[in-house]
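> So the chains spell out like this:
Number of protein chains: 4
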Amino acid sequence: MSGNSIGSLFRVTTWGESHGPAIGAVIDGCPAGLTIDPVFIAQQLARRRPGQSDLASPRQELDECAVLSGVFEGVSLGTPISLLINNTNQRPVDYEHLRDVYRPSHADYTYEARYGIRDHRGGGRSSARETAARVAAGAVAQLFLRTLTVQIHAFVSRIGAITLDVPYQDLDMRTAADSVVGCPHPATAQRMADHIAEVKEEADSLGGIIRCVVQGVPAGWGDPVFDRLEADLGKAILSINAVKGVSFGAGFEAARGKGSEYNDTYSMIDGKVISVTNHSGGIQGGISNGTDLIMDVAFKPVSSIPRKQNTIDRQGNPIELAIGGRHDPCVVPRALPIVEAMTALVLADHALRARTARI
Amino acid sequence: MSGNSIGSLFRVTTWGESHGPAIGAVIDGCPAGLTIDPVFIAQQLARRRPGQSDLASPRQELDECAVLSGVFEGVSLGTPISLLINNTNQRPVDYEHLRDVYRPSHADYTYEARYGIRDHRGGGRSSARETAARVAAGAVAQLFLRTLTVQIHAFVSRIGAITLDVPYQDLDMRTAADSVVGCPHPATAQRMADHIAEVKEEADSLGGIIRCVVQGVPAGWGDPVFDRLEADLGKAILSINAVKGVSFGAGFEAARGKGSEYNDTYSMIDGKVISVTNHSGGIQGGISNGTDLIMDVAFKPVSSIPRKQNTIDRQGNPIELAIGGRHDPCVVPRALPIVEAMTALVLADHALRARTARI
Amino acid sequence: MSGNSIGSLFRVTTWGESHGPAIGAVIDGCPAGLTIDPVFIAQQLARRRPGQSDLASPRQELDECAVLSGVFEGVSLGTPISLLINNTNQRPVDYEHLRDVYRPSHADYTYEARYGIRDHRGGGRSSARETAARVAAGAVAQLFLRTLTVQIHAFVSRIGAITLDVPYQDLDMRTAADSVVGCPHPATAQRMADHIAEVKEEADSLGGIIRCVVQGVPAGWGDPVFDRLEADLGKAILSINAVKGVSFGAGFEAARGKGSEYNDTYSMIDGKVISVTNHSGGIQGGISNGTDLIMDVAFKPVSSIPRKQNTIDRQGNPIELAIGGRHDPCVVPRALPIVEAMTALVLADHALRARTARI
Amino acid sequence: MSGNSIGSLFRVTTWGESHGPAIGAVIDGCPAGLTIDPVFIAQQLARRRPGQSDLASPRQELDECAVLSGVFEGVSLGTPISLLINNTNQRPVDYEHLRDVYRPSHADYTYEARYGIRDHRGGGRSSARETAARVAAGAVAQLFLRTLTVQIHAFVSRIGAITLDVPYQDLDMRTAADSVVGCPHPATAQRMADHIAEVKEEADSLGGIIRCVVQGVPAGWGDPVFDRLEADLGKAILSINAVKGVSFGAGFEAARGKGSEYNDTYSMIDGKVISVTNHSGGIQGGISNGTDLIMDVAFKPVSSIPRKQNTIDRQGNPIELAIGGRHDPCVVPRALPIVEAMTALVLADHALRARTARI
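Chains as they are written, first to last, in the numbering used here: chain A, 1 to 359; chain B, 1 to 359; chain C, 1 to 359; chain D, 1 to 359.
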């Protein structure tokens, strides 16, 4: 109940501060009999890692993930899977001057307001470093979902002023991984990359939007009333650092239109019920209807920018702060595996929950 | 774990089908010593009730809420508060022709896919009727929050094509209740009402946006990492029927801009830390910072429209369906007390959770 | 988290004070497709009801249980099942003189210490009246378990000084219901009845032991490490009023003996693994092994006795109290359906949990 | 929901197999501001460690506990505390011959029945090795409880045929730690030690009883109805390996007596409500009454004994098995810190829960 766990049957607890000795996750409820592929975990972590391009932060995190329990001879035991990633690149001394400072739009002040104490080194627990543990745990969830033919595709659909306006059906979403900005449309990807480069020059940062499409979810996942699929996915996504909005299907656009335009009608093809259109993003009454899940995620621009900003310290003294160090001008591309991980964690949970719906 | 409960310390479970004998809620965790004002509960239910204007459904639900336990001589005991609302206006026969039909954008098909059975009368458990129980429970949460000086204001900021473009700071949000469309700006409210009337003529429906502003939340509420305030609020809001998106502070707009434009800097006034701007909607690192919480909620248009739509029945036979009965062309105004209720439930929970953050 | 719910997947929340308008239970997670037999629910409630013999309290509770939701045309929907029992026999005025008194071994003082307020009428929430809601919910769990061929047999094995010393294998446990004291061995039952009659004459009360045997539980139920079958069953049983001890298999006796005497060895018969002996009560490492579950439950004597006792009121004034009203000299026989109900709730939960143990 | 977590507000998840690389625990919900004393954690682990006397197993486990997160400059941050203990003394090869064998009264068969797979090395997850993680986490809970003046004393009150028959009020319970068998009465301790030595000679094992007394718990802890203090303590205790029974206060003895003998009456001394006697073990209606909590815990004899036993392997072949290796003839003394740890975890949780009982 203290906020560091998610899921009910496929349940993940993360732990660790940005500049402590390590971070990690414990998965409780991963079903027995799953082949755990450490290479896939490593790949997902690599996608999240900073320093992958000159657009991103030069901080080098190797992020090797040790599996300390729950796996025996390569297969899950049904017991907790403990994942550990050492913080190999700690430089606590870099942060000494921030010990008393409340950085703008960071959690320094709010953690202190809550706990009366904080680890000032790189934001401590509030650092996006914590999401590496989620990515590792989410990779295990993805391995489980693959046994159920569920496939999760996240890609960048907006960076600042640049929007991708090609429908996902006309794209090969898997090519997002080939793009330095995570956009599966090369021309748009190039414009996004240029935009980031530009803003980096200005010592500023950018936000953006990630679209996540999930294919292969069978009809019948999602628990009414409060644990609807949108609700649980939305919560998981809104728990990611810098996310300030989430929507499903037509989302905020639907608020502008009429029922006759946005209703999804049903048909039957080869004995299978089909939703002819998909304005609702694959979910009705909180339960999947067998079509693609579609989710959009809004990220605010990175708070840590190198240009000077005004703020205060704990005593209220005004401070002029230029945040140095290793920070990306735009984290949205690196957030792709995080969005996938959080989506996978929720769906793995609901895959198990669906098993108990009938006698 | 079956989706009908929300909250950890202030925990609410709702039950009931639309056309069963009754619906209700059990609140477990309401602290002892709270004066329970039944008039306030009744008022909130009245705001949600259909049939309040000729814009809305003519269905008459009296929605008297009985308090069956947990309150002794007007004061909460600390034991579960059981709330019950009879379904006085059941007309199951109205729904007999829908027994085998999958209505477009309704949960008929998805409930059946999950459970193998459904109560076809008015959508059964998936009906928005269920939200009356939330409103009653949310009213108790609001009574608790008032003892902590927290005030929740929800108002309609968009109906279909009509947007309210006055900042909330320039409005008296309490006047939303005076408007038939729930908008605290009379001129805009009139245009919204005209828009609804127009679309009603077309046998169609509209969606819209509700803005919810919470004042008086102290700094320090919200539980990192997964139970951030945005995450828990977002989940609660996304569990409301017809909601397809939620955002906080600058929300999706922030995805278009730069860090230098959206960062909130701190200042100190009279020994109190103040967030000078509020692009983040009062939350940083998932924890409240003492400024107003700001949340936007997108509702899709009502699925039940009187004009003819194509769909199928359980056997796959094509059906042409014109949904008669008692349905609003736009439910957004009636959703205001629901948004307030869900917001209150989350904040009451976090108010209690905050008590355990320090030794 | 406030103590009025039990179970994770088959989850029950009870509510209600002894002399409020009603008590009830909400079951969230009963799988869809279960035929709900109201007659069985009524039968179990009848077994718990006072006033069944002149050994028991003359209070008449009819305990009709209404099913307000979650059941459609006789079959469970998968949605919450709301059960309500009116308190038809309220006599609040009977309790006015106890408003300020702390009855010996009752929860009057402790509730007040916790909540600062209490409903003094018949103990309010702490009354054994609350267990009627458990019995109703437990009956639904039993209906579910019957579809899995699980059978629960509870019987009285001790009343005060009188012990049943015949092994359950030599008894027809179903005949417990034929005995006024719930003991399936007529001669012992008679001695127990005489003992109760005797002690009733002395204006005193008796405790006793219930043995509960569960047959038909397959191997593989129970969740290590903390949610072992003994742990979850033990918790459920220890939550019953007046229970002060619980043990499994050889229980406290095993503490006196040697490993060579108490180890259970395995054999295989017809391709099925069999535990040759059953000192461990059907559970190893917290997981069922396919043999009978055996549990013993110790009840202290009823606290409410008609003879004079010394105590104090809220202000510390000494009070000489003779508790009148409608109280049994021995509640153990009436506790049989409660023990069965709590056992059923735990096993129904674990039956569902077992479904998620493997991919 | 998969059984490896306990507690709601002070919540602990353990992980790790006996012969995997490490075991550990994550504490979520430890309040911020607590001084974490690593020496105390080490001391508690040392008490559990095998090899402390020639009565116990010669296995050497150093059990150094690393604190990987949640503590900053010696003080808890309010974030998860991750504890890790390496398994330094792994000898997987020792267990190869047990890969297919179902040891008597062990969890080999039941884990396989549940998961379809098991780690056969030393029992894997079912090994008592796991309790080291509990002891480490429990030590943190004890540090928290000490700030509230709660003191937990566990001592051995029976080993096989030898019983301690001196009331705890006449003993200095702290001296239990001075005794090789954990009994604070030297003469009885000697007889217990002799008894163990004798049984070791016979290649057999012994069980016993631990009494746990908690002093300083204020009135008002414990959550009715299902999360009574007995229920939550009982569950925690019954989750310890080899525990087959638990009782509170007069326990099973009370089942033999009369209400007039076992009722606890109240008095007031210096303005404080006092329970004059303590047959109920400090708890009424599930809530503490301010007197000592008293709990008795029954341990069955150790299952691993060196003498030959009959059992089968996975294919049903009969096996004659003499379990070699490093096993204690009596684990009860080493279980003292485990009982204390589980008691501390429950009380720390309820200490926090009590904070939310009133507005």
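Keep in mind that the hints were calculated from the coordinates and are not lab data.
This one's a predicted model, so the numbers in the text were calculated from it and none came from an experiment.
Virtual Cβ for every residue (Gly too), placed ideally from N, Cα, C.
Watch out, some of these pointers could steer you wrong.
[To be verified] The calculated EDC-like cross-link candidates involving lysine to aspartate or glutamate, where the alpha carbons are at most 16 Å apart (straight line), are:
| hint | chain 1 | residue 1 | chain 2 | residue 2 |
| --- | --- | --- | --- | --- |
| 1 | B | 308 | B | 320 |
| 2 | B | 272 | A | 112 |
| 3 | C | 258 | D | 165 |
| 4 | C | 308 | C | 320 |
| 5 | C | 258 | D | 202 |
[Said to hold, decoys possible] Residues from chain A that keep clear of chain D, each with C-beta distances beyond 12 Å, as calculated:
| hint | residue |
| --- | --- |
| 6 | 73 |
| 7 | 77 |
| 8 | 270 |
> Verify the proposed pairing of residue 308 of chain C with residue 320 of chain C, using a straight-line Cα cut of 16 Å.
Cα-Cα ~6 Å, so holds.
> Is it true that the CA of residue 258 of chain C sits at most 16 Å from the CA of residue 202 of chain D?
holds (10 Å)
> Does the alpha-carbon distance linking residue 258 of chain C and residue 165 of chain D stay inside the 16 Å limit?
violated (21 Å)
> Minimum C-beta separation from residue 77 of chain A to chain D exceeding 12 Å: can you confirm that?
Non-interface label fails for residue 77 of chain A: nearest chain D Cβ at 6 Å, not farther than 12 Å.
> With 12 Å as the threshold, tell me whether residue 73 of chain A passes as away from chain D on beta-carbon distances.
violated (9 Å)
> Would you assess whether residue 270 of chain A, listed as outside the interface, keeps its beta-carbon beyond 12 Å of every beta-carbon in chain D?
holds (35 Å)
> Does residue 112 of chain A sit within 16 Å of residue 272 of chain B, going by the straight-line distance between their CA atoms?
Distance ~13 Å between residue 272 of chain B and residue 112 of chain A Cα, so the pair holds.
> Are the Cα positions of residue 308 of chain B and residue 320 of chain B separated by 16 Å at most?
It holds: about 6 Å lies between the C-alpha atoms, which stays within 16 Å.
Comparing the model with each numbered hint stated earlier shows that hints 3, 6, 7 do not hold.
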